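K.L.:
Starting from the known structure of chain A, fit chain B onto it as the hints suggest.
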Amino acid sequence: MSNVLVVAEIHQGVVKKATYTAVTFAREAAKRTGGKVHAVALGHNIAEKAREVAAYVETVHVADHEKLAKPTAEAYAQAIVQAARASGATVVAMAATFAGKDIMPRVAALLGAGMASDVQGFVGDSGLAMRRPIQAGNVIATVEITTPIKVVTTRPTEFPAAAALGAAGTVAPLAVTIGDLKTHYVGFTAVASTRPELTDARVVVSGGRGLKEAENYKKYIEPLADKLHAAVGASRAIVDAGWVPNDLQVGQTGKVVAPDLYIAVGISGAIQHVAGMKGSKTIVAINKDAEAPIFQIADYGLVADLFKVVPELTEKL
Amino acid sequence: MKILCTIKRVTDYERKVKIAPDGSSLVTEGMNFVANPFDEIAVEEALRLQKAHGGEVICVSIGPKDAAQQIRQGLAMGADRGILVLAENLDPDAVARILVKLVEQEKPDLVLMGKQATDDDANQAGQLLAGYLGWPQATFASKTDGLDSEAEKAQKPGLVVAGGKVSVVREVDGGLETLEVTLPAVVTTDLRLNNPRFASLPGIMKAKKKPLAEIALASLGVDVTPKVKAVKYTEPPARKGGVKVENVDQLITKLKTEAKVI
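Here the protein sequences line up with chains A and B, keeping their order.
Here the first sequence stands for residues 1 to 317, where the numbers follow this note's numbering.
Here the second sequence stands for residues 1 to 262, where the numbers follow this note's numbering.
Bound conformation, chain A alone (with noise of 0.2 Å):
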């Protein structure tokens, strides 16, 4: 058997969206290793989630055990693994959300394969070679992996969310066994906000250096935003700075964005930003510098003082 194993990610009881741009990515890899698409459902009273999850693959293997209520690498590379072995996959895939990174590599560990991180597609017609981003995205590489078991990150921004199947998958009870553990969950806070979370918002409002002064955040990007109910973003020097959460940080080393429409306001255009924003559907740039690096990838620059025109776009929109 050459089974693909998606991991769901469950979070907060719900089935994140990222979840089923790794479902096309196990489409495609299935169709080349010749077997078929699974998942692993985790966590504890999740049969509800699990069914919801059933509609987009053959078979989901449930682990429901009360040491899976709360999302721990620990406990959920253990449980991953044995829903390896039980599903038969020689590539265990996951959407590359910081729970993806944190857990997934623990269970390559476990599983003694090697691991592509934040994959974004296979190269050639046939096999398994993958591309992935190196050098803040500079470089594309193509890797192999070349253990019997491949275990992958798959980047959500560069998968469309699969189509439901006609008729639902085979839901799967999994009994597995898990160790003691080390890790204690002691909570999650959300950052509230009433905005759309920055890498599933359909519009991003970014800002940078440009604004100057901290306040001027909350002044110019954060009214553009809620006009266009939009999620806001930062460049690197200006969470570096302290004047936005790091949450909000857009590039290689933050957040990878690919909204329908990304407006870059006082962002000069920093290799590292750029890495986290180039797969916007449409980039706007507002800058008043003309030889801002930032108006070479943008489909329209806006050559201004955004103190000026950013007001007035808020006001006209």
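Just so you know, the hints here were simulated from the structure itself, not pulled from any lab data.
If you're wondering where the values come from, they're calculated on a predicted model, not measured in any experiment.
Don't take each hint at face value.
[As the list claims (entries may be wrong)] For lysine-lysine, the following DSBU-like pairs were computed, each having C-alpha atoms within a straight-line distance of at most 35 Å:
(1) A:Lys-219 to B:Lys-256
(2) B:Lys-260 to A:Lys-227
(3) A:Lys-288 to A:Lys-316
(4) B:Lys-165 to B:Lys-153
(5) A:Lys-218 to B:Lys-240
(6) B:Lys-260 to B:Lys-240
(7) A:Lys-288 to B:Lys-244
(8) A:Lys-278 to B:Lys-256
[Claimed, not checked] Here are a few chain B residues that face chain A, going by a calculated C-beta distance under 8 Å:
(9) Glu-14
(10) Leu-26
(11) Asp-120
(12) Phe-140
(13) Val-172
(14) Lys-229
(15) Lys-232
(16) Lys-254
(17) Ala-259
(18) Val-261
[Stated by the list, open to error] Quick list of the computed label-pair ranges, beta carbon to beta carbon:
(19) B:Ala-238 to A:His-184: 41 to 49 Å
(20) A:Gln-12 to B:Met-205: 50 to 58 Å
(21) A:Thr-194 to B:Glu-235: 35 to 43 Å
(22) A:His-184 to B:Glu-258: 52 to 60 Å
(23) B:Gly-54 to A:Lys-17: 42 to 50 Å
(24) B:Ser-25 to A:Asp-240: 31 to 39 Å
(25) A:Glu-213 to B:Pro-211: 43 to 51 Å
(26) B:Gly-55 to A:Val-14: 38 to 46 Å
(27) B:Glu-235 to A:Lys-308: 32 to 40 Å
(28) B:Gly-203 to A:Ser-193: 37 to 45 Å
(29) B:Thr-225 to A:Glu-213: 49 to 57 Å
(30) A:Tyr-185 to B:Gly-55: 25 to 33 Å
Think of the CB as a built atom: it goes at the ideal place given N, C-alpha and C, for glycine as much as any other residue.
P.N.:
Here is chain B on its own, set in the frame of chain A:
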């Protein structure tokens, strides 16, 4: 407590690295090399924990002979000694298994590593190490009160160590998560954990006299045959610049009628 922290030699992340014409390798000749910025945060955190709890901080690098420069940087920041394992072109799995050997030799209470290296961007080594050791892990360590806080200005550690456990605030999608892991453990550091200090001139002078052990890869008995091979390097598809618009009205028109995104 004894803390082992990693400090990888990487190509300067603010410069573009070139690809060899045949696409088989990256051209690093003439490139500037720096310490992986996430590792600098790990070293800083280790030093703050040492100040609060005592003990020893060891900086480890796996790389060419020149990686001694990055270890010396860690020593100049204040770490006590360094270990350099001479090995190149490793995948993260080989790095993790080399670190397993060093952990067995040094028996640290805590391993602190950058969440990823800015050259291969894999974000794997820390988690692999924890998996191989059977230790708990807390990745993407951050701080709730941020880098502009009073605690940060007072150079307080973001990790809270008490009763043989370390409490870590982690960055996850949509918020912050707190984990408490039993030591020994592996913790990887994210950008907003601390502002790493610069090495002072006296620090740099002192660092020259601090012990730095070089270890030959062969002496560790680790098979470094890659589990992941990079077979080709290519440029990412270029995104073409579009047009400049004259004013806000033109921009709105383009977005409505041409791009159809609003």
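K.L.:
For which of the previously enumerated hints does the structure constitute a violation, in increasing order of number?
P.N.:
none
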